[in-house]
Amino acid sequence: MNRYLKRHETILAAILIVALIGLGYLNDQFLTLDNLLNQGRLMTEIGLIALPMTFVIVTGGIDLSVGAIVGLCAIVLGVAWKNWGLPLPLAVVVALGVGALAGFCNGLVITRLKAPPLIVTIATLALYRGLAEGISKARSVRGYPDWFYVLGQGEVFGVPTQLWILGACIVIAGVALDRTSFGRTLYAIGANETAARFSALAVDRAKLIVYTLSGLMSGLSAFVLVSRVTTTRSDMGLGYELDVIAAVVLGGASIFGGAGTVWGTVIGLVMIQLLKNGLALTGVKGDATIIVIGVVLIASVLIASSLERRRE
Amino acid sequence: MSAAASPVQILRRIASQEAMLAVAIIGLAIVVGFVNPRFLSANNLSDLLLGNAYIAVAAIGMSMVIVSGNIDISVGALIGVLATVSGSLAVAGYPIAFAWGAPLVIGIAVMAAQGAVVAYLGIPSIVVTLGMWSILKGGLISVTGGRWITDLPNSFHLADVEVFGVLPMPVLIMVGATILAAIWMRFWPGGRAIYAAGGNPEAARLCGVSPRRTTIFVFAAHGFFAGIAALMFATQLRVIQSTTPAGLELVVITASVVGGVSILGGVGTVIGSTLAAVLLAEIASALVFINVSPYWTHAVQGSLILATVIADILRRRRRLGAA
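First to last, the sequence lines map onto chains A and B. Everything in the first sequence is counted per our numbering, starting at 1 for the first residue and increasing by one. Everything in the second sequence is counted per our numbering, starting at 1001 for the first residue and increasing by one.
Simulated from the structure, these hints should not be mistaken for lab results. Glycine included, every Cβ here is placed at the ideal spot set by N, Cα and C. Among the clues, some could well be false.
Label pairs and their calculated CB-CB ranges [what the hints assert, rightly or not]:
{"no.": "1", "chain 1": "B", "residue 1": "1192", "chain 2": "A", "residue 2": "200", "range": "54 to 60 Å"}
{"no.": "2", "chain 1": "A", "residue 1": "299", "chain 2": "B", "residue 2": "1237", "range": "57 to 63 Å"}
{"no.": "3", "chain 1": "B", "residue 1": "1241", "chain 2": "A", "residue 2": "15", "range": "42 to 48 Å"}
{"no.": "4", "chain 1": "B", "residue 1": "1101", "chain 2": "A", "residue 2": "182", "range": "53 to 59 Å"}
{"no.": "5", "chain 1": "A", "residue 1": "28", "chain 2": "B", "residue 2": "1116", "range": "41 to 47 Å"}
{"no.": "6", "chain 1": "B", "residue 1": "1237", "chain 2": "A", "residue 2": "138", "range": "38 to 44 Å"}
{"no.": "7", "chain 1": "A", "residue 1": "149", "chain 2": "B", "residue 2": "1288", "range": "38 to 44 Å"}
{"no.": "8", "chain 1": "B", "residue 1": "1290", "chain 2": "A", "residue 2": "87", "range": "47 to 53 Å"}
Below, a sample of chain A positions facing chain B; criterion: calculated Cβ distance under 7 Å [claimed, not checked]:
{"no.": "9", "residue": "29"}
{"no.": "10", "residue": "116"}
{"no.": "11", "residue": "118"}
{"no.": "12", "residue": "119"}
{"no.": "13", "residue": "126"}
{"no.": "14", "residue": "130"}
{"no.": "15", "residue": "139"}
{"no.": "16", "residue": "178"}
{"no.": "17", "residue": "179"}
{"no.": "18", "residue": "249"}
{"no.": "19", "residue": "283"}
{"no.": "20", "residue": "308"}
This is chain A alone, in the form it adopts within the complex (with noise of 0.2 Å):
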């Protein structure tokens, strides 16, 4: 089985080098330092939550809700500093407080209640999203100081800030899925969740702690989104969920759980962003770019289920 997954990465990092080749070849533009870092922190904000979403996915769960949290984080930032008068630091810590605990009270209710996780982050998508709107009431903030947009668009040595963040959080996540018993805690989870309790793992507390990661990083995410786009706005975030996943399961994490790593959700990412940007350098409107990650998202777990078959 792990040989397998190492060859689902290996395939897509081959498919990825070919396609950049490909695009880098048809246009000059692409293949440049600062458009790759550019992209890179346009990746940044679907990055920290594919991060977390990958160990949601190899649990065998899902949380849909993440796009509505980092709206509702956006706003409590926004709000929080704008009209509740807190300083600026202490309103990005509460809105990361506020994702963390989205996250827990999805964590909760799918522990407690034994509850499938997309019904459950359904309905507090729709949850968060709501309160995202009723505390904004339809109002943007903006104005922010000049220091907390070195996050979303300053550079540190010449890249940008936040990719030292997503990079980080990438080994962290990485050695965390892969070296901890933590991270084999969530693989048997997702293999045999029976198998697991009774090997006495404490499941739910490892779902909970996923999780609440998970809202965590989308508040992380919503605090570089602001940053880097100067304003707040209640419908922020819109989306991000499907985006998230599609990056997930690009990079070879299975939907049914026990399966998928941190390396292939990154090439999966990279993958898409590149993509897009590529196309979208050689003409393809902007649009259209998100028919071919349709169509790379199928072929790609395509071919991945027919090698498995042939294998076995």
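Add chain B to chain A, keeping to what the hints say.
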């Protein structure tokens, strides 16, 4: 099970999610009507039903898909595509029957193809339909540029057709389709096969039901209902915006789930999903009439959805515990 159910059995069956929803619909109407009698005006009630009937119809197909153990994310985008196709054909001067028929045929074809991929290539439906969602959404907007379709011929408007002078067509379609689909799922072998395949595919296979064929059929039926829903959606206003209605897939799935359809497959009825669609629309409208700030409408709706879902899970677990 005996052929004739005893009154107790019937009562027990009625004490279900469907009954709870019906009570909630009537109870809410009484309470809100007491606070603000205008809520119960014929105008408001008919607006409420007319504007949301297409969600209930789409939820019929979605419920079948979920009962069979699958899910469909692409339905919102598909309804957008089908509405645009239908409107464009009508504007281009094709016969109305053709403009009405095309979305049904295309809907069935697109969904059946997805069902075939799910059934024969073993790819989870959430992945296939997520990919299709992306393809349809991107395809529609890159072909049309999101422009508005106007100058629709008058005869195109389904909503203008009134049956017996009072009953508007969309409401009649909603009620008729729900009853027919419910009877079919409850009593016909093809309908029972959906429950069998969703509840336990292996057992279904041993009983001579082909889970694969059932999956394709269920998706095709879902495409048919999506086609009808697209027609109702396209004809409710004088213009059609040729983009996909944002988040429509989640509204449709929510109606099914609140209606008591289990995401784990094998459980739920289309009567429940239609009642849920009506209740969700009623709640949205009621909040306006009892002067809840429009900014908080979705938050209140969201917490009610969460409460319904939790109540349904607890009720189901209690029944399992009792059995």
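Using the nearest Cβ pair, does residue 119 of chain A come within less than 7 Å of chain B? 5 Å, holds
Does residue 139 of chain A pass the interface check with chain B, least Cβ-Cβ distance below 7 Å? Because about 10 Å separates residue 139 of chain A from the closest Cβ in chain B, which is outside the 7 Å limit, the hint is violated.
Hold the hint about residue 179 of chain A up to the distance rule: shortest CB distance to chain B must be less than 7 Å. With a minimum Cβ separation of about 28 Å from chain B (threshold 7 Å), the hint on residue 179 of chain A is violated.
Satisfaction of the hinted span 38 to 44 Å by the C-beta atoms belonging to residue 149 of chain A and residue 1288 of chain B: 39 Å, holds
Confirm or reject the claim that residue 1290 of chain B and residue 87 of chain A have a C-beta distance inside 47 to 53 Å. Given range 47 to 53 Å: violated, Cβ gap about 38 Å.
Cut-off 7 Å, beta-carbon criterion: hint that residue 308 of chain A touches chain B: 9 Å, violated
Hint check, residue 116 of chain A versus chain B [nearest Cβ-Cβ separation less than 7 Å]: 5 Å, holds
Hint check, residue 178 of chain A versus chain B [nearest Cβ-Cβ separation less than 7 Å]: Interface hint status for residue 178 of chain A: violated (23 Å vs cutoff 7 Å).
Can you tell me whether the CB distance of residue 1237 of chain B to residue 138 of chain A sits inside 38 to 44 Å? 23 Å, violated
Would you settle whether the hint for residue 130 of chain A is holds or violated, based on the nearest Cβ-Cβ distance to chain B being less than 7 Å? 3 Å, holds
Does the closest beta carbon of chain B sit nearer than 7 Å to the beta carbon of residue 283 of chain A? Cβ of residue 283 of chain A sits 12 Å from chain B, so the hint is violated.
Tell me if the interface restraint on residue 29 of chain A is satisfied: Cβ within less than 7 Å of some Cβ in chain B. 22 Å, violated
When each numbered hint is compared with the structure, violations occur for hints 1, 2, 3, 6, 8, 9, 15, 16, 17, 19, 20.
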